[in-house]
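Chemist: Sequence:
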Amino acid sequence: MEALMHAPRLPASVQAPAAVVMVRPHRFHPNPETAADNAFQSGACGASAETARIARQARDEFDAAVHRLESAGVTVHRFDDDGRHDTPDAVFPNNWFSTHAGGRVALYPMCSPNRRRERRADIIEWLKRYYRVSDVVDYSGHEPDDRFLEGTGAMVLDQVGRLAWVARSRRADPVLLERFCAQFGYEPVLFDTADADGRPVYHTNVLMCIATDFVLVGADLIASPGQRAEVLRRLHDSGRDIITLSEAQIREFAGNALELSTREGGRRLALSARAAAALTPAQRQRIERSAPLLPLAVPTIERAGGSVRCMLAGIHLAPRPSGA
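Residue numbering for the sequence shown follows the UniProt record's numbering, starting at 1 and increasing by one per position.
Calculated directly from the structure, the hints in this document are not laboratory data.
Warning: the hint list may mix true and false statements.
For lysine to any residue, the following SDA-like pairs were computed, each having C-alpha atoms within a straight-line distance of at most 25 angstroms [to be verified]:
hint	residue 1	residue 2
1	128	320
2	128	184
3	128	226
4	128	322
5	128	139
6	128	76
7	128	116
8	128	103
Label pairs and their calculated CB-CB ranges [as the list claims (entries may be wrong)]:
hint	residue 1	residue 2	range
9	138	192	25 to 33 angstroms
10	188	144	17 to 25 angstroms
11	84	226	34 to 42 angstroms
12	230	63	38 to 46 angstroms
13	238	53	25 to 33 angstroms
14	137	277	15 to 23 angstroms
15	84	242	42 to 50 angstroms
16	197	226	40 to 48 angstroms
17	60	84	20 to 28 angstroms
We put the beta carbon where it would ideally sit given N, CA and C, even for glycine.
All chains, full assembly: derive it from the sequences and hints.
Modeler: Structure, rendered in structure tokens:
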């Protein structure tokens, strides 16, 4: 685990965290347990030598991404996956925990058995030491009942409007969603999705990003015209600029982005280099009125079916005073 390098400040935007938790992968590879419903995943590994090479590339991409984020003024709390528990997707911590204003933390039930081993008590204890944490709500006990809610992968949270946007999938149980929203003060907004092959999108955060002043949304993947119109209406009512993404752009992870606050008080949109390249000049211009792009090159990590937003667990907690 990397020591706290900078004293975190309260975010300049309620929506955009100023600090993130990231987990450096050890035995990264595309996870065969998640491949069935993750259409963004690209291929399994072959020989052990190839697996080792891919794992090294993922670590190199991770280290470069951390450096880029810190250089941009984002506080990164880095933890290492030691590889003992066979957790190929450990680099995506946003699925197993989330943090919330008022000192609350949620732990989530995960669909794939090997992803359940990503939950780490040491990370939660570290958060309690450096941030004000008053309550940890653990939903993971629902896994034996096949009820799953994979954190801010399954939910895209509007911290201002207190809405939880959710694409229906096996990884977003509606009963657990209602329970989470009642306990954490969100209104659930459920909708159905389908890609060109008729498959539902596995996680909401690959087709939607809520930022302070704008929204990125793959509206064409919302299956019902009525639901699509209602989603767009409610997004419009938030007062944000609605930037619609094509299915091709969603496939390039253009929706898998996270707005972050910097120590200097500005905001940046973290996304992959692949995602940034998929945006049109007009879309980039609209985004950068509010948050300049911060592209991170993670092509190996993207083989697992997630991108930059999945790598970032945003911290919405108040920091403890130095030395507390």
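Chemist: Indicate, hint by hint, whether the structure satisfies it.
Modeler: Each hint tested on the structure:
1. 128 <-> 320: Within the cut-off at roughly 9 angstroms; holds.
2. 128 <-> 184: holds (18 angstroms)
3. 128 <-> 226: Violated: residue 128 and residue 226 sit about 44 angstroms apart, past 25 angstroms.
4. 128 <-> 322: holds (13 angstroms)
5. 128 <-> 139: With a Cα-Cα distance of about 19 angstroms, the restraint between residue 128 and residue 139 holds, given a limit of 25 angstroms.
6. 128 <-> 76: Holds. Residue 128 to residue 76 sits at ~16 angstroms (cutoff 25 angstroms).
7. 128 <-> 116: holds (21 angstroms)
8. 128 <-> 103: Since the Cα atoms of residue 128 and residue 103 sit roughly 9 angstroms apart, the hinted pair holds (cutoff 25 angstroms).
9. 138 <-> 192: 25 to 33 angstroms: At 29 angstroms between Cβs, range holds.
10. 188 <-> 144: 17 to 25 angstroms: holds (24 angstroms)
11. 84 <-> 226: 34 to 42 angstroms: violated (49 angstroms)
12. 230 <-> 63: 38 to 46 angstroms: Holds: the Cβ-Cβ distance is about 43 angstroms, inside 38 to 46 angstroms.
13. 238 <-> 53: 25 to 33 angstroms: About 44 angstroms separates the Cβ atoms of residue 238 and residue 53, which means 25 to 33 angstroms is violated.
14. 137 <-> 277: 15 to 23 angstroms: Hint violated: Cβ distance 39 angstroms, outside 15 to 23 angstroms.
15. 84 <-> 242: 42 to 50 angstroms: Holds: the Cβ-Cβ distance is about 45 angstroms, inside 42 to 50 angstroms.
16. 197 <-> 226: 40 to 48 angstroms: violated (22 angstroms)
17. 60 <-> 84: 20 to 28 angstroms: Given a distance of about 21 angstroms, which is inside 20 to 28 angstroms, the answer is holds.
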